[in-house]
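Visitor: Model the full structure from these sequences, guided by the hints.
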Amino acid sequence: MAQVFDLVLSAVLLAGLYAMMAYGLGLIYGVLRVVNLAHGGVIMCGAYLGWVLHERLGLDPYLALPLVMAVTFGFGVFLYRVLVCHLPRGAAGGPASLLLLFGVWLVLRNAAYLLFTANDQVIRTSYSTHSLPFFGTFLSVNRLAVLGLALVIPLALQLFLSRTYLGKAIRAVAQNADSCTLVGVDVERVYAITFGLGTALAGAAGLLSATLFSFNPAFGAGELLKSFVVVVLGGLGSVLGTSVAALILALVEVFAILVLPSYLTSAVGFVMLVLVLVLRPGGLFGRPVLG
Amino acid sequence: MLRFLLLRGRARDAFRLTVLLACWVAVACRSQPGVVAERTEIHIGATLPLTGAEAKVGGFFKEGYELAVEEANHGGGLEVGGKRLKVKLSLLDDTTNQATAVSLADRLINSEKVDFLLGTYSTALVQAQSTVAEQNHVPYVNGGGAATDIYRRNYRYLFGLLAPVEVLGSTLMQWIDEQQQAGKIPKPARIALVWENTAHGKDFRLGVSQFAAKSGAYSLVVDEPFELNGKDFGALLGKVKAAGADLFLADAHLPDYITMHRQYVSAGLCHKLVSYGARGSEQGAIEALGKENVAHILSAVWWNAALAGKDGPARHFVDAFKTRYGRVPEWFQALGYESARALFRAIELAGSADREAVRNQLAKLELPSILPGGTLTFPAESGQQARYPFVVQQNMPDGTSPIIFPRDVANGTGIAPNPRCPN
Chain D
-15 MAQVFDLVLS
-5 AVLLAGLYAM
5 MAYGLGLIYG
15 VLRVVNLAHG
25 GVIMCGAYLG
35 WVLHERLGLD
45 PYLALPLVMA
55 VTFGFGVFLY
65 RVLVCHLPRG
75 AAGGPASLLL
85 LFGVWLVLRN
95 AAYLLFTAND
105 QVIRTSYSTH
115 SLPFFGTFLS
125 VNRLAVLGLA
135 LVIPLALQLF
145 LSRTYLGKAI
155 RAVAQNADSC
165 TLVGVDVERV
175 YAITFGLGTA
185 LAGAAGLLSA
195 TLFSFNPAFG
205 AGELLKSFVV
215 VVLGGLGSVL
225 GTSVAALILA
235 LVEVFAILVL
245 PSYLTSAVGF
255 VMLVLVLVLR
265 PGGLFGRPVL
275 G
Chain E
690 MLRFLLLRGR
700 ARDAFRLTVL
710 LACWVAVACR
720 SQPGVVAERT
730 EIHIGATLPL
740 TGAEAKVGGF
750 FKEGYELAVE
760 EANHGGGLEV
770 GGKRLKVKLS
780 LLDDTTNQAT
790 AVSLADRLIN
800 SEKVDFLLGT
810 YSTALVQAQS
820 TVAEQNHVPY
830 VNGGGAATDI
840 YRRNYRYLFG
850 LLAPVEVLGS
860 TLMQWIDEQQ
870 QAGKIPKPAR
880 IALVWENTAH
890 GKDFRLGVSQ
900 FAAKSGAYSL
910 VVDEPFELNG
920 KDFGALLGKV
930 KAAGADLFLA
940 DAHLPDYITM
950 HRQYVSAGLC
960 HKLVSYGARG
970 SEQGAIEALG
980 KENVAHILSA
990 VWWNAALAGK
1000 DGPARHFVDA
1010 FKTRYGRVPE
1020 WFQALGYESA
1030 RALFRAIELA
1040 GSADREAVRN
1050 QLAKLELPSI
1060 LPGGTLTFPA
1070 ESGQQARYPF
1080 VVQQNMPDGT
1090 SPIIFPRDVA
1100 NGTGIAPNPR
1110 CPN
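Top to bottom, those sequences are chains D and E. Numbering (our numbering) for the first sequence: -15 to 275. Numbering (our numbering) for the second sequence: 690 to 1112.
Be careful, since some hints might not be right.
[What the hints assert, rightly or not] Chain D stretches covered by chain E per the calculated footprint, using a threshold of three residues with CB under 8 Å from any CB of chain E:
1. 100 to 109
2. 122 to 129
3. 244 to 253
No lab work stands behind these hints, which were simulated from the structure alone. Since the model is a prediction, treat every value here as computed from it, not as a measurement. Positions of the beta carbon are idealized from the N, C-alpha and C atoms, including for glycine.
Guide: Have a look at this one:
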């Protein structure tokens, strides 16, 4: 029983990280219908930004979070204005956007190799290995912080989308961009801001990951795949679905260790991805991914 | 033909033919034995993971190679057949990638025409790269591949300086067994054994599990492989925790050691004895994890600077390394240095750069060595993989890592059980 309790806690903490990684990918697809393959690259950039701010300026990674999000937001808006806005919308832009954003990822990765070399880096703070006692077990302070942010961010996002004019505009554009144009909504501006928000969330996820793991310029590939599994499972475009799917994925991966060797548990997520695409292409809570 | 062309008034063709003949004569003359340019250097090729997951260790091996080459050239070069030949090292970055390591080895042999190869680092890379050397009949001396799988293939041109990881596991267990005999850890002791899912990890598992089975005083309550370069070990460590083990023994490469141990500490785990195999005392890990979090970790390594006595090759190496780099070498640099030194000695003994002659000298080499045991050989019965005892060291709270086993070379006393654990 104690082991099950430990595994549940471990899964909940892991789910926080998975959800953080997936929100940005889900938001961009939900509004722009663009699968942002540069997501992994932005996660890596977020990790390096946090590392640079910590190593060079001594800034705590959690205090650096707004700064990292602001920089990655700006990068996202720039990326949209310079590249993504030229893509055709909807299904027609699918292959083109995949190739373009994959190219952006490669550029980011190679720039990081040039700037930082391929050496592994870690962000070590005074509380990196601290933990809090909890019913006979211990919870990592860093993981708790990540979980907390993973709960706060979707709530804030939901409030932003439902209570503000800009948020309502984003939702309206996601439903019908042409009608929005007719009633005077600046659709291009909404798209740019949404892309910026999505990349800012990816940057935040990168920074938070860097407080837990070592990273190098190749970082982000595995994270992109996990994000993809989460958003497909939750249904692309659903914030609530993303959170629940992250929890499901983490639970399945963590409990798989009871029946599978440890090195096979990460494959379980990809088996789930295939099953969901075949059996329930709309995911658990969202609109269909395929077709 | 020339006269025929001239007679027919085709002077341009006659000129071309003359130039071609002249070129042919020039090339033919160059290839005559009497006019061969004298060899002035021994060209050695090597690749190392200077970027990628093993970049840190690759850099350490580079330091060892460069020091050995510098020393060889300092006295005018290697003495080969009565002449002094400088050593030229062509060192490339294999980016911790098997395919790159293989293609670069091929390039070194067939394009850059190196005479011999020094090996890369990590079992997977050495395993792949040594096949290229074998196919081309190029002696390949490495200090970076320890798994016995590499040497079970009985390659003729492959020579390894790392003693088998299996011996690492059993040496570690010998010290643990002494502590058990002294009543410092429970009898029987419950072991949580986790190992990377590679040939390296499997050898470690074999060493520990065979010792445990033979002794009968240990039970493996967790025996679990994990993914190399893993990101999350939470579930695995949950299993370790649930098993209620006395000892936590892992075999991991440096990045996995850092990630796993950070989670281990955060999860509030504490075992009477903890080891990550050959990992534990690296400066990079101490910086990433903090001195306080790596205290009392055991590691069994191929070499330690404390092995250097007042004189002899180990003393010479440590002093030379300190002079060049301003710090004390770790086992990585020592193995890099000694690999190069073994190859150089074999070349000198062969008296030529003939690959077959050098290979034969390596096969029967008995080199006074910096490694434990003092003599380096490549026994044919173990696939030309060197065999010598490991040294067990333990991280102390003051940041030092003295040798605690075997007793004859120990410069410190091991602490068991871990005093940081509540009971």
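Visitor: Next, verify each hint and record whether it holds.
Guide: Okay, the hints, checked on the actual structure:
1. 100 to 109: holds (count 6)
2. 122 to 129: Result for this restraint: holds, n = 5.
3. 244 to 253: holds (count 5)
In this structure, every one of the numbered hints holds.
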